[in-house]
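Q: Sequence:
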Amino acid sequence: MDETFGIIDCNNFYVSCERVFRPDLEGKPVIVLSNNDGCAVARSAEAKALGIKMGDPEFKLRDLIKRENIRVFSSNYALYGDVSRRVSDTLGSMVPTIENYSIDESFLNLGEFAEREVEPLARELRERVHRWVGIPTCVGIAPTKTLAKVANFIAKKRPQYRGVCDMRSSQVRAELLPTVPVDEVWGIGSASAAKLIRIGVRTAADLAALDPDNARALMTVTGGRTVYELRGISCMPLELMEPTRKGIAVTRSFGASVTSWEPMREAIASYATRAAEKMRRYKVAAENIFIFMHTNTFNNDPFYSNGASARFAETTNDTGEVVALAVRLGERLWREGYRYSKCGVMITELMPETIRQPALWGELDREKRERAWRAMDKLNATLGRDTVRILGAGPKNAAWKLKAEHRSPRWTTRWDELPRVLSK
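So that you can map any letter, position 237 of the sequence shown is 237 in full-length UniProt numbering, and since no number is skipped, the others follow by simple counting.
What the hints contain is simulated information worked out from the structure, not anything from laboratory work. In this text, a Cβ means the ideal position worked out from N, Cα and C, and glycines have one as well. Watch out, some of these pointers could steer you wrong.
As the list claims (entries may be wrong) - Simulated restraints on C-beta separations:
{"#": "1", "residue 1": "P395", "residue 2": "E367", "range": "28 to 34 Å"}
{"#": "2", "residue 1": "N296", "residue 2": "E239", "range": "35 to 41 Å"}
{"#": "3", "residue 1": "K195", "residue 2": "L240", "range": "29 to 35 Å"}
{"#": "4", "residue 1": "P395", "residue 2": "E26", "range": "35 to 41 Å"}
{"#": "5", "residue 1": "K195", "residue 2": "D365", "range": "56 to 62 Å"}
{"#": "6", "residue 1": "D301", "residue 2": "P395", "range": "22 to 28 Å"}
{"#": "7", "residue 1": "N69", "residue 2": "L379", "range": "38 to 44 Å"}
{"#": "8", "residue 1": "G55", "residue 2": "I199", "range": "26 to 32 Å"}
{"#": "9", "residue 1": "R123", "residue 2": "V388", "range": "43 to 49 Å"}
{"#": "10", "residue 1": "E405", "residue 2": "N296", "range": "16 to 22 Å"}
{"#": "11", "residue 1": "A217", "residue 2": "E405", "range": "31 to 37 Å"}
{"#": "12", "residue 1": "D365", "residue 2": "W415", "range": "50 to 56 Å"}
{"#": "13", "residue 1": "K195", "residue 2": "V388", "range": "36 to 42 Å"}
Claimed, not checked - DSS-like mimics (lysine-lysine), calculated; alpha carbons at most 30 Å apart, straight line:
{"#": "14", "residue 1": "K283", "residue 2": "K157"}
{"#": "15", "residue 1": "K195", "residue 2": "K283"}
{"#": "16", "residue 1": "K401", "residue 2": "K66"}
Go ahead and model the full structure; you've got the sequences and the hints to work with.
A: Below, the structure written as structure tokens:
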């Protein structure tokens with residue numbers, strides 16, 4: 001059976017998540033801001049029509065926001081992650097084999113279905129996701145993942161496709177590939193696009209016609225693979241196993257400058273707690289930890305930046321052990337007299353937790369601690385992050401925490417933020 005890939009992509013995902021619980025925002029310009037409310041990372045079609053670009057700083061948009069009555073939201077990652085899971089579950093109700101590529105995209109194995117069933121299935125998928133979850137989507141269908149991404153791009157841009165573009169036919173590909181700019185091809189970044197345009201490769205069709213060896217010379221092995229994929233030769237199967245993690249990083253800019261050790265200690269403890277939680281979720285343990293902190297490079301304050309690493313006595317994903325070592329490293333790095341803007345915790349040299357070495361002593365005590373941390377993880381997963389947390393991580397509303405002045409309620413993951421329904 002010939003391979004057939006689909007990709008379903010949620011439209012303006014963060015904005016669409018906000019609109020699920022705020023239907024009054026349909027048809028109105030909406031933007032979602034990045035961490036610390038820094039810049040636009042999601043825009044509704046109406047906001048794009050006003051000229052707002054991805055990455056535009058919020059402070060430069062303030063006049064436009066006021067003039068056009070643009071609704072602004074801080075990123076609500078708890079909501080977006082939960083809605084993404086619901087979309088994935090909905091897809092799984094119809095398609096057995098799925099690769100969750102990102103928070104708002106999933107590749108589908110559509111080769112498991114009869115050829116004539118594929119496009120109707122894609123349309124039913126869109127309808128079901130919208131009906132069950134409330135999120136609008138587009139679907140691209142093709143014999144390779146790269147072509148499926150191209151098809152999805154076309155489905156989004158051209159209303160006549162009604163959200164589904166099927167590029168399985170070589171005739172359809174010959175018609176559509178010349179209309180797609182080369183920088184819209186999956187895996188072609190701005191640097192590669194500039195190289196290609198210099199040699200006259202301006203469209204996806206031009207790239208498909210390029211000699212694979214020349215593409216490889218310009219863009220490493222990825223370039224040659226992309227050429228084959230655009231020709232309909234599949235080089236990238238679905239990734240059904242999560243790739244092995246090489247490290248875990250938890251880094252954030254502060255909501256306000258940190259000038260004393262206590263809030264820095266709280267931030268390091270909070271980030272180390274999050275890193276340990278992630279390790280347990282991924283069923284890995286760490287041998288090494290790296291801590292860094294620095295001031296703002298973009299103002300005239302005195303500059304300081306430093307980092308330090310250390311090895312754990314034993315491989316671990318124990319929150320207490322990770323926090324203790326992280327804070328000790330932070331104390332070594334700390335210097336008074338600076339206005340710190342960011343710190344981070346990076347966990348490296350990961351291994352499966354099932355093969356970590358036994359504790360030198362206190363194996364029974366370690367098992368008790370593991371049960372306690374996993375109970376905390378379960379409570380936080382059920383009731384919302386930081387419902388239960390270590391004392392050293394500081395209060396929930398600490399000044400150093402990320403600014404999120406426009407965050408909507410975490411409608412689906414916090415009991416205390418559930419929407420209220422009034423009946424008469």
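Q: For every hint, state whether the structure bears it out.
A: Comparing the hints with the structure gives:
| no. | hint | verdict |
| --- | --- | --- |
| 1 | P395 - E367: 28 to 34 Å | holds (31 Å) |
| 2 | N296 - E239: 35 to 41 Å | holds (38 Å) |
| 3 | K195 - L240: 29 to 35 Å | holds (33 Å) |
| 4 | P395 - E26: 35 to 41 Å | holds (37 Å) |
| 5 | K195 - D365: 56 to 62 Å | holds (58 Å) |
| 6 | D301 - P395: 22 to 28 Å | holds (26 Å) |
| 7 | N69 - L379: 38 to 44 Å | holds (41 Å) |
| 8 | G55 - I199: 26 to 32 Å | holds (28 Å) |
| 9 | R123 - V388: 43 to 49 Å | holds (44 Å) |
| 10 | E405 - N296: 16 to 22 Å | holds (20 Å) |
| 11 | A217 - E405: 31 to 37 Å | violated (49 Å) |
| 12 | D365 - W415: 50 to 56 Å | violated (33 Å) |
| 13 | K195 - V388: 36 to 42 Å | violated (52 Å) |
| 14 | K283 - K157 | violated (41 Å) |
| 15 | K195 - K283 | violated (42 Å) |
| 16 | K401 - K66 | holds (27 Å) |
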